[in-house]
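Residue numbers (our numbering), protein chains in the order written: chain A, 88 to 414; chain B, -15 to 276.
Any given hint could turn out to be false.
Simulated pairs of lysine-lysine, DSBU-like, Cα-Cα distance not exceeding 30 Å [to be verified]:
1. Lys159(B) to Lys114(B)
2. Lys314(A) to Lys103(B)
3. Lys210(A) to Lys37(B)
4. Lys314(A) to Lys159(B)
5. Lys314(A) to Lys137(B)
6. Lys314(A) to Lys107(B)
7. Lys37(B) to Lys211(A)
A short list of chain A residues far from chain B (calculated; beta carbon distances all over 10 Å) [what the hints assert, rightly or not]:
8. Glu104
9. Glu140
10. Leu184
11. Leu213
12. Ala215
Some residues of chain A that are not near chain B, with every Cβ distance over 12 Å (derived) [unchecked claim]:
13. Glu100
14. Ser123
15. Ala131
16. Ile157
17. Tyr242
18. Thr265
19. Ala376
Rather than coming from a laboratory, the hints here were simulated on the basis of the structure. Computed from a predicted structure; not experimentally measured. Backbone N, C-alpha and C define an ideal beta-carbon position, used for all residues, glycine too.
This is what each chain is made of:
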Amino acid sequence: MSTPNLVIPSPREITTEPRRSDKVFRGVVTGGGLSSLLILGLIAVFLGYRGFEVLRQEGFGFIMNSDWSITTDDAGNVVESHFGLAAMLVGTILCSLVAVVIAVPISIFSALFLNFYSPNWLKKLLIAIIDMMAAFPSILFGIWGFLVLMPSVEYWAKLIHRYLGFIPIFDMQVPVFTRSPFVAGVVLAIMIIPIITSVSREVFAQAPLDRIQAAYALGATRWAMIKAVVIPYGRSGVIGGAMLGLGRAMGETVAVFTVLNIVFQVNWHMLLGAGGNVASLIILKFGDASPYEIKALMAAGLVLFLLTLVVNASANFIVKRTGKSGR
Amino acid sequence: MTTSHESEKATMDTAVKPSSLAQVANSQAAKTPSASAEGTGLETRGIHAWFGKHHALADINLNFAAGTVTALIGPSGCGKSTFIRTMNRMHEFIPGAAMAGEVLLDGKDVYAAGTDVTKIRLKIGMVFQKPNPFPSMTIGENVLSGLKLAQLKVDNKDDLLQECLERAGLWSEVKDRLGAHGGSLSGGQQQRLCIARSLAVRPKVLLMDEPCSALDPGSTLRIEDTIRHLSETMTIVIVTHNMQQAARVSDYTAFFLSDGGPGQMIEVAPTSEIFSRPKDERTENYVTGRFG
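Only chain A is shown next, with the shape it has when bound in the complex (with noise of 0.2 Å):
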């Protein structure tokens, strides 16, 4: 087939002239793509910046040790410090966890019930009640939390000790049960509730049609039918959310600093009354912060910041990990 004396070109450069509009255009969506990413990268120089000296005084002490202590000279000198966020990050990450634990299944429930079961006036009604949700003020969650919620959730953590007090982390050696990480995370669960439901709403609304109709002519019953091909589909994009409201419950300052008793020391007791946060050791030490200690907070914050990010990336490894299945 081949012709001996055929010259082979080498394959030409493809370009195209872009129009002056789509150019003026590139330019303002590349400004607003990169612009986060900017954003994102001097909030971390600012922190790492300011909190420099601290973490190279403590250096890994400062997230292995619990003490929070600045004694200064009459002057305001700096006499000693030690600065430890060991407890606040266990509390975090407490606190977190039992939100997530407690929102996650609440959320798909009310994700499948506003997609499949929920007549449509009642859908639209609860969607917009989520969305507002979402919007509320963190403040009122964790006034109401401390004020309505804790009485109750009190209760729970009795039972919960009394039933399950074998697991060391619901286990207590001094009935305390106010302002435990229980309650915290039990408010954060709340405020995390939006958006994962909303988010495993939008991923469940997608599952494809097709295969809807072939499970229910097959005589699945709508249960069945779910469990056959929503939740397979909507994994992925509910680990996703979860990550998102896992992310969220970290950062949350607020509502938690009103609830939760925050002790300097590592407990790990979710019932307990001594907890933990990072944020609300920021915004609990700010108000009268010597210079010094200030820094100290900043290189808190790059921590949390930190973490933060951990937990994103790796719920986006994950998702990417279990997509594939079920699409």
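Take the given structure of chain A and dock chain B to it, following the hints.
Structure of chain B alone, referenced to chain A:
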């Protein structure tokens, strides 16, 4: 066999003479209707269907005798698909959809109050236009998925799996890779997988909504073979846009038409008659390719 030859010619030129289609239809030994099919077939009485205010289908009376293949033909939008979806109660999934009339399976109205709709759909299976296997399941799991979905118990799943795949004409092609995912098959194989899947719950009736319209001619012929084999044991209703297909596989043909208003059933007769000496002029115009 001139069957495939006829079809090639016909796809190139839709305006075929009625006689050639009638030949194809006659080469099928048309089954005599077991007219005493009372209690063993499917019957519709005065079916109307609406989508919101749109009246899509008016007064369809058809009797599908047990063990026959009935083709529903007619131009797009004449309500054929809507009609078969009223029979296994898939119509009601569309928001705003409504229907009137009765669908009698073994003499019992499938819309009667207190009916468990999932049981109806077990008896009246359906194959869709686009192959839709469950992608998260293997080939074997797909075939048996109906059992799981309807919570049915079966003693020997392997036998059932093989039987369904054999009846759907797919066994020899997939028997060595039952653990592969359903999406790894070709379109025609996926459609036969879907047929096998609907057979596993042992329906009495199989509704097929343009099952070959997304497939190549070779796959189409294989599915038509499958339909002929299946019709020995069950009642089949097939919607098709392909008149050659109707002529090849069906014992009876019903012609649907909408003249701007709701879709109506113009004429039903043994397939050879519809294609050789239709009673209604509109049927003749359609089957000879003068419109539609």
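Query raised in the report: Beyond 12 Å from chain B, beta-carbon-wise, is Glu100(A)?
Result: Nearest chain B Cβ is 38 Å from Glu100(A), so the label holds.
**Report entry** Assertion that Glu140(A) lies farther than 10 Å from chain B (Cβ)
**Finding:** 53 Å, holds
Query raised in the report: Holds or violated: are the alpha carbons of Lys314(A) and Lys107(B) at most 30 Å from each other?
Result: OK: Lys314(A) and Lys107(B) at ~22 Å, within 30 Å.
Query - Pairwise hint evaluation, Lys137(B) against Lys314(A), where the allowed Cα distance is 30 Å at most - result: 18 Å, holds
Query raised in the report: Is Ile157(A) truly not at the interface, in the sense that its beta carbon sits beyond 12 Å from all beta carbons of chain B?
Result: The claim stands: Ile157(A) keeps its Cβ more than 12 Å from every Cβ of chain B (closest is about 57 Å).
Requested in this report: Confirm or reject the statement that Ala376(A) sits farther than 12 Å, beta carbon to beta carbon, from all of chain B.
Outcome: 54 Å, holds
**Report entry** Consistency of the no-contact label for Leu213(A), given chain B and a CB cut of 10 Å
**Finding:** Holds: least Cβ distance 18 Å, greater than 10 Å.
Query raised in the report: Holds or violated: Lys37(B) with Lys211(A), Cα cutoff 30 Å?
Result: 23 Å, holds
Query raised in the report: Is the Cβ of Ala131(A) farther than 12 Å from every Cβ of chain B?
Result: 40 Å, holds
Query raised in the report: Does Lys210(A) pair with Lys37(B) here, judged by a C-alpha cut-off of 30 Å?
Result: 23 Å, holds
Query raised in the report: Can we confirm that no CB of chain B comes within 10 Å of the CB of Glu104(A)?
Result: 41 Å, holds
Query raised in the report: Can we confirm that no CB of chain B comes within 10 Å of the CB of Ala215(A)?
Result: Ala215(A) clear of chain B: closest Cβ-Cβ about 20 Å, beyond 10 Å.
Consistency note: the structure conflicts with none of the earlier hints.
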